[in-house]
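**Student:** Here are the chains, one letter per residue:
Protein chains: 2
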Amino acid sequence: MPIHAHTTASGLIVLAEPMAGAASAAVSLRVPAGEVHQPEDRQGVAPLMGEFLCRGAGGLDARAHAEALDRLGVRRGCGSSSRDFELDAVMLGVNLDEALAPLLDTVTAPHLDDAQFGPCRDLQTQSLDALEDEPQERAMIELSARHLPAPLDRHPEGTRAGLAALTAADARAFWAAHAGPAGSVLAVAGAVDPEAFFAAAERLTAGWSAASAPAGYEVGPTPVPAQHHVQDPSEQVHIALRWDAVPANHPDAVLQKAAVAVLSGGMSGRLFTEVREKRGLCYSVYAGYGGHADRGGVYAYAGTTAPRAQETLDVLVHELRRLHAEPVGGDEFRRAMVGMKSRLVMSGESTSARASSLSFDVAVHGRPRTLAERVEEVAAVTPGRLRDFLDANAPGPEAMTIVTLGPRALDAPGEPAPAGVAAAAAPA
Amino acid sequence: MPIHAHTTASGLIVLAEPMAGAASAAVSLRVPAGEVHQPEDRQGVAPLMGEFLCRGAGGLDARAHAEALDRLGVRRGCGSSSRDFELDAVMLGVNLDEALAPLLDTVTAPHLDDAQFGPCRDLQTQSLDALEDEPQERAMIELSARHLPAPLDRHPEGTRAGLAALTAADARAFWAAHAGPAGSVLAVAGAVDPEAFFAAAERLTAGWSAASAPAGYEVGPTPVPAQHHVQDPSEQVHIALRWDAVPANHPDAVLQKAAVAVLSGGMSGRLFTEVREKRGLCYSVYAGYGGHADRGGVYAYAGTTAPRAQETLDVLVHELRRLHAEPVGGDEFRRAMVGMKSRLVMSGESTSARASSLSFDVAVHGRPRTLAERVEEVAAVTPGRLRDFLDANAPGPEAMTIVTLGPRALDAPGEPAPAGVAAAAAPA
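Read top to bottom, the protein sequences are chains A and B.
Heads up: the first sequence begins at 1 in full-length UniProt numbering, then just goes up one per residue.
Heads up: the second sequence begins at 1 in full-length UniProt numbering, then just goes up one per residue.
If we strip away everything but chain A, and leave its shape as in the complex, we get (with noise of 0.2 Å):
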């Protein structure tokens, strides 16, 4: 389906894709108000919006606007993330037009009083002490600290200290400062007409404005990689590491994603099969691509017992260094290949993944990106495009940052014992 673009007078670029016989419209609007953006002693302001947003938008109440919403159906969600903050909504298509008013009023025109603002930071705190009750998601968070310069390096749900120096008027400075149409993206996939969305979009941010410019952020110094352990009760050790890759909006980003799926893309992916079906070592493992136009990195985690955990982080990396020195088979290839391109065909069935991928692009890439170029990016690797780029970016010793999670300390990664030795040594 081809896309449609815009661009309003403030500013705002906005993108209708629509999707034969859907009935949904799905929309998301990105704006650039993310973790980096905020001021280095009030953490904890960009995902306390997520809630402060719902309290009352466009002359309604958080009630009122609640039940505008919900009247017409209209399933949604906010929050931010390390750079933007993402609006994203899905209803039926016949609904879009009557909810656009008071789904747009939730950015463009929050009322953010001082009487809401206790409750949404007492929220926020909780939300960030929950994380006690989830390690693998601390490690995730602890291996983000570790190994991103300030500010990418920041706790996604503030610290406590930024959450209890924040104030109502924070809040408002920090939304006012960051979030208007300018670098700014509103995107809308599925049962849609795009002039008439065109329309409302222009008529509906007319008055949207923010205080400033889109702002960049000062990037501190690099950390130096290293291994770090953080002692905790859990039952499962918890282990995640990564490394620099090409950022998202590099030619060769389609060759990492494809090295990805050679390890981690099915079930005889190779991590899948050297560390869960070979040596039965953890239930969870996984490796992944992450990028965005600045940067972009490749992280793997898995998750085990304490007897177990020193052996599945000996594999585990040994795996990750093993696909930089041999080659990939051809059948090896074409499975991660049709793996990609099949995630990816599926993935355009869906309004809603549709409508981000098409306002994350414009953030990562300048401009939206059909399925059809995507899917053509795909078919355009080659076995030996995936050895070139391999055999130039293989990660040195001293690229990984690894955290651990969990009742004990794990040596440095070693080379693991052949498969059957070690399995048998495992305790049943």
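Because the hints were derived from the structure by calculation, they are not lab data.
Backbone N, C-alpha and C define an ideal beta-carbon position, used for all residues, glycine too.
Some hints here could point you the wrong way.
Stated by the list, open to error - Just so you have them, the derived chain B footprint on chain A, three or more residues with Cβ under 8 Å:
no.: 1; region: 59-72
no.: 2; region: 220-229
no.: 3; region: 280-288
no.: 4; region: 375-385
Claimed, not checked - Label-pair distances were calculated between CB atoms; the ranges are:
no.: 5; chain 1: A; residue 1: PRO418; chain 2: B; residue 2: GLY77; range: 28 to 34 Å
no.: 6; chain 1: B; residue 1: ALA173; chain 2: A; residue 2: PRO2; range: 41 to 47 Å
no.: 7; chain 1: B; residue 1: GLU415; chain 2: A; residue 2: ARG369; range: 55 to 61 Å
no.: 8; chain 1: A; residue 1: ARG321; chain 2: B; residue 2: GLU377; range: 54 to 60 Å
no.: 9; chain 1: B; residue 1: GLY414; chain 2: A; residue 2: TYR286; range: 43 to 49 Å
no.: 10; chain 1: A; residue 1: GLY384; chain 2: B; residue 2: ALA173; range: 47 to 53 Å
no.: 11; chain 1: A; residue 1: ARG369; chain 2: B; residue 2: THR167; range: 32 to 38 Å
no.: 12; chain 1: A; residue 1: TYR286; chain 2: B; residue 2: ALA394; range: 44 to 50 Å
no.: 13; chain 1: B; residue 1: GLU377; chain 2: A; residue 2: ARG369; range: 38 to 44 Å
no.: 14; chain 1: A; residue 1: PRO2; chain 2: B; residue 2: GLU377; range: 36 to 42 Å
no.: 15; chain 1: A; residue 1: ASP411; chain 2: B; residue 2: GLY77; range: 32 to 38 Å
Said to hold, decoys possible - Now the stretches of chain B that chain A is said to cover, found in silico as 3 or more residues with beta-carbon under 8 Å:
no.: 16; region: 56-69
no.: 17; region: 115-123
Assemble the complex: chain A is given as a structure, and chain B must be docked to it using the hints.
**Tutor:** Chain B alone, transformed into the frame defined by chain A:
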């Protein structure tokens, strides 16, 4: 879309729902090999099959079988529930013909070799142990264990004793006894030619049989509902409760779902408004309905900090009772119904959701239901019917089982203090 149906010579019910414009085809094969059918002293064999079935099938060893499916981009998973065992898969429709044989082999012709059993049992034991790091999930499991009669009260991951006693021969016997064409359903939705699919299913399941006819299960005495506490060093107090409701195939089940939608169907739902917005008591609170052919239940969950836990329980139970005591407003009713209808129509855009619904409906209703039929059922709910249902089905004070898991026990739910007072008293 019409649903096409076929019954194979061996007695397998096969359903196909072509979906216009879909590129993917999703498959759900549901067999009556759920946890209730496990031998009392071999609990864990049903969930273990989720791993053991993936260790070679139809003449292909584990590796070759995984590769055969990955080569066609088939994303799949399988696992047990209380009554059933489900294999689900999604792929591009163009690959369905070729993928069907290795996919069905997983269930109809698994190798279940002795040599593969040990690692599978190790992984299943790890899966059970890993729940120690998931207090919310443990609270919900404890709730079922406390509320339901045997064997519906069983732990979904099995027991340590059951897994320790389990042998490969036990697993083979379990599968041979319960996984046959009679009582099973194979459903496909999306890009599919029904007649070609029926012919393939007929051919591929011709040699499939179970050792015996589908078994029922004896239900033990129903526990007396009560309040239970599980002492745990978790950060939050996890509150879970449930009471009995009409079975899913009862004509009033749609009314029970409508009642739950008033509580928890959107951001203006009563639980969200009273517990989260007005009092800021907790981040996560919801209610739901779950049912099968023989019984149903309403459940609710809230996770909060220890100082807020008693008030959260009080408000939660108060709201659950108030639903039956005070009329549902006209606008409140309409919001709940629009939400139900929207979610239903939107679920119809996912081939995976449709395939799973088709096989579930046969298990519960004895026949598949079209999306249109389900939408009509929702449209036929009136305020008066809901009112009558709520009047007749108020849970008595002795009906609720309550489980709390966390650092301290709670009192029985009492009348909550007014919102303003309690909020002021809560620690910031």
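**Student:** Determine for every hint whether it applies to the structure shown.
**Tutor:** Hint by hint, here is what the structure shows:
| no. | hint | in the structure |
| --- | --- | --- |
| 1 | 59-72 | holds (count 8) |
| 2 | 220-229 | violated (count 0) |
| 3 | 280-288 | holds (count 4) |
| 4 | 375-385 | violated (count 0) |
| 5 | A/PRO418 x B/GLY77: 28 to 34 Å | holds (30 Å) |
| 6 | B/ALA173 x A/PRO2: 41 to 47 Å | violated (58 Å) |
| 7 | B/GLU415 x A/ARG369: 55 to 61 Å | holds (57 Å) |
| 8 | A/ARG321 x B/GLU377: 54 to 60 Å | holds (57 Å) |
| 9 | B/GLY414 x A/TYR286: 43 to 49 Å | holds (46 Å) |
| 10 | A/GLY384 x B/ALA173: 47 to 53 Å | holds (51 Å) |
| 11 | A/ARG369 x B/THR167: 32 to 38 Å | violated (53 Å) |
| 12 | A/TYR286 x B/ALA394: 44 to 50 Å | holds (47 Å) |
| 13 | B/GLU377 x A/ARG369: 38 to 44 Å | holds (41 Å) |
| 14 | A/PRO2 x B/GLU377: 36 to 42 Å | holds (38 Å) |
| 15 | A/ASP411 x B/GLY77: 32 to 38 Å | holds (34 Å) |
| 16 | 56-69 | holds (count 5) |
| 17 | 115-123 | holds (count 6) |
The structure does not agree with the numbered hints 2, 4, 6 and 11 stated previously, though it agrees with the rest.
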